[in-house]
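Those protein sequences? They're chains A and B, same order as listed.
For the first sequence, the numbering used here assigns the number 447 to the last residue and increments by one with no breaks.
For the second sequence, the numbering used here assigns the number 447 to the last residue and increments by one with no breaks.
The hints are simulated quantities; they were obtained by calculation from the structure and are not laboratory data.
Please note that the accuracy of each hint is not assured.
Here are the simulated distance ranges between beta carbons [unchecked claim]:
hint: 1; chain 1: B; residue 1: T73; chain 2: A; residue 2: G295; range: 50 to 58 Å
hint: 2; chain 1: A; residue 1: G295; chain 2: B; residue 2: N71; range: 22 to 30 Å
hint: 3; chain 1: B; residue 1: N71; chain 2: A; residue 2: P228; range: 18 to 26 Å
hint: 4; chain 1: B; residue 1: I391; chain 2: A; residue 2: G295; range: 42 to 50 Å
hint: 5; chain 1: A; residue 1: T364; chain 2: B; residue 2: G160; range: 54 to 62 Å
hint: 6; chain 1: A; residue 1: D134; chain 2: B; residue 2: R237; range: 51 to 59 Å
hint: 7; chain 1: A; residue 1: E72; chain 2: B; residue 2: G316; range: 15 to 23 Å
hint: 8; chain 1: B; residue 1: R319; chain 2: A; residue 2: T208; range: 34 to 42 Å
hint: 9; chain 1: A; residue 1: S308; chain 2: B; residue 2: T73; range: 37 to 45 Å
hint: 10; chain 1: A; residue 1: D190; chain 2: B; residue 2: Q312; range: 19 to 27 Å
To spell it out: a stretch of chain A is covered by chain B in this simulated footprint if at least three of its residues, at any positions, have a beta carbon under 8 Å from a beta carbon of chain B; those stretches are [claimed, not checked]:
hint: 11; region: 217–228
hint: 12; region: 239–246
hint: 13; region: 296–304
hint: 14; region: 316–327
hint: 15; region: 384–397
hint: 16; region: 433–439
We treat Cβ as the ideally placed atom computed from N, Cα and C, and that holds for glycine.
Protein chains: 2
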Amino acid sequence: MFSINETHRFFAPQLDVPLRLLLGPGPSNAHPRVLQAIAMPQIGHLDPAFIQVMNDIQEMLRYAWQTDNPFTLPVSGTGSAAMEAAIANLVEPGDVVLIGVIGYFGERLVEMASRYGADVRRMDKPWGEVFTLDEISAGVETHRPTLLGLVHAETSTGALQPMDGVGDLCRAHDCLLLIDTVTSLGTTPIFLDEWGVDAAYSCSQKGLSCPPGASPFTLGERALAKLHGRRTKVANWYLDMSILSQYWDGKTRSYHHTAPINSMYAVREGLRLVVEEGLAERWARHQANAQRLWDGLTELDLACHVNDPAHRIPALTTVRVPAGIDARDTAVRLLNDYNIEIAGGFGPLAGKVWRIGLMGHNSRPENVTLLLAALKEILGR
Amino acid sequence: MFSINETHRFFAPQLDVPLRLLLGPGPSNAHPRVLQAIAMPQIGHLDPAFIQVMNDIQEMLRYAWQTDNPFTLPVSGTGSAAMEAAIANLVEPGDVVLIGVIGYFGERLVEMASRYGADVRRMDKPWGEVFTLDEISAGVETHRPTLLGLVHAETSTGALQPMDGVGDLCRAHDCLLLIDTVTSLGTTPIFLDEWGVDAAYSCSQKGLSCPPGASPFTLGERALAKLHGRRTKVANWYLDMSILSQYWDGKTRSYHHTAPINSMYAVREGLRLVVEEGLAERWARHQANAQRLWDGLTELDLACHVNDPAHRIPALTTVRVPAGIDARDTAVRLLNDYNIEIAGGFGPLAGKVWRIGLMGHNSRPENVTLLLAALKEILGR
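Generate coordinates for the entire structure from the input sequences, incorporating the hints supplied.
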């Protein structure tokens, strides 16, 4: 036995975190009931009582996404893991995959699909714009992909991609439709089944008002057919839905990996809040508070980066930084002087926009009022 | 806009979980202080206050693992994600990888390495045994691997692999040494640097007494040289340490994916408990409570599956199921009548052993006394 090295025996003080109002692109503040749920005592991941927790989550997720998909579950990681699960399971080497890139998360889909060996084609729009159905149709006609990936709510730009007609188009071309709903689930109208979406993913720390850690994922029949007909194994063991499904299928519940138990408690509570409020009311609340923000920004002579209000994500507004203002300085002052977190832009929008989130529990009139008043003070308007 | 489908609007009741004593192979019960920490309000993953949380975790993890590795951090998933991170980052297609298989988790390393394109070679031992240094040496001489993967504490069998001399052997053959410490971190003597280990991973829900969700991972200099000298991109985006390192390096902190904030709070608190107790005391406590269990089992005329006590994991004991006893029935009665979770065996040990964990916070004399008394009642001994 060696002697113990005490060099790194660091006696950290008790955890003490600043009380931030998280009005950036996520994480958003967890609802107090969610924080109570996450602190409940653990049970085993194969305990019959946990199986009930899993069932509850699955059913409520179907409601939140408006889908009947039996294969609907949270992935054991944050939103990026759920995104990777979609690509890893639905893409085989050599598959032609078409990605609509309207911002960073489209770029990331391109990067992931390329790592899984896809023949990736892309359609691009300037950051802040969305595709028309004609543009998407032309892309699908040209590339004949096996999978079309679109970002429904592009968190890097604040743009909301209309989905009308895209599902029919994909079905007509025998192409799977995958959408990123990371910032839209629980905040913005989504009708996965009516839209003909075959696969989708999201996260827990935005519209569901949970800590990050377990991330919604769903596959419809056509996506499952692709998964079960693969010629190759999924190149990612942790996220392999062909084996993980045996844990979540409601029958075998056989061990794959240990689920993040307490994060599942949190997601369950976040979904209970969605169910209690009702989707219509929840979507209307997000829209109303977004409108309140947009109106207030106009009064401060600040402009939204996404011109058409119908193409703005109600839960995430990008605001143009006026000439002469340092975007980062404003965000730092909001954080240090008001305990409010907002974010800047990045990539082509670096220094050009702020990103303001009103997500889930945080989409409340008083938060809009506070943020606008703080911005007014800082900017001297 | 479509009309909202209310079919899946399931009003789940308030979360109410049974109060289990988790004495299986994990998860183990979280310490109450950890459950308080996990329920603290969120801050952003780029908040300066969170960077301090990250630094604290990294430093305390170095202590727990006895390593100076700067690259020491928790992966944003459960233990299997940390295992996959090791393989994904250190294996390139065509690499000869040698895995020592003494149970299920060695099998899983074989499976993962094969998915990442390795030329996988294996050494096998019956479940419950460990390799001698001579056997490992012969394997390395024969296969000349670029990476040797060993399971330090094989959770499926209860066997503890001695590590003396393995690091020197690997260095002499220019081979990286990767070890699985999922069940040994925080419970059993580990000296990563003294052992010459190049990469290791663990989990949060066993020796660290946290919920599952963020999983320790470390790379030494030689492993980092392999990572930075790769000819190919890491085939897993979420776990790509070449980009994730820019978030954790203490300097750039650039965004890769949203970290599971509250799970990090939990890991920080679990590590504080390790630091406060001290490794020597913690390891001695686990050994003493294991001995108490082994003595009590002997009194009940029950035998440990791993013969040599020096090769038993103090935190996880496999017990042979006596003839005429249904292993599952006993576990179900413990769960239903005593709220105690233990596990059975699987694979070659299915129906043949029980697996009893005394991990972290749960390694306490009163838990041993209760379990032995309950077993005595159930088995009528």
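Of all the hints given earlier, name the ones this structure violates by number, lowest first. Violated hints (numbers, rising): 1, 9, 11, 12, 15, 16; every other hint is consistent with the structure.
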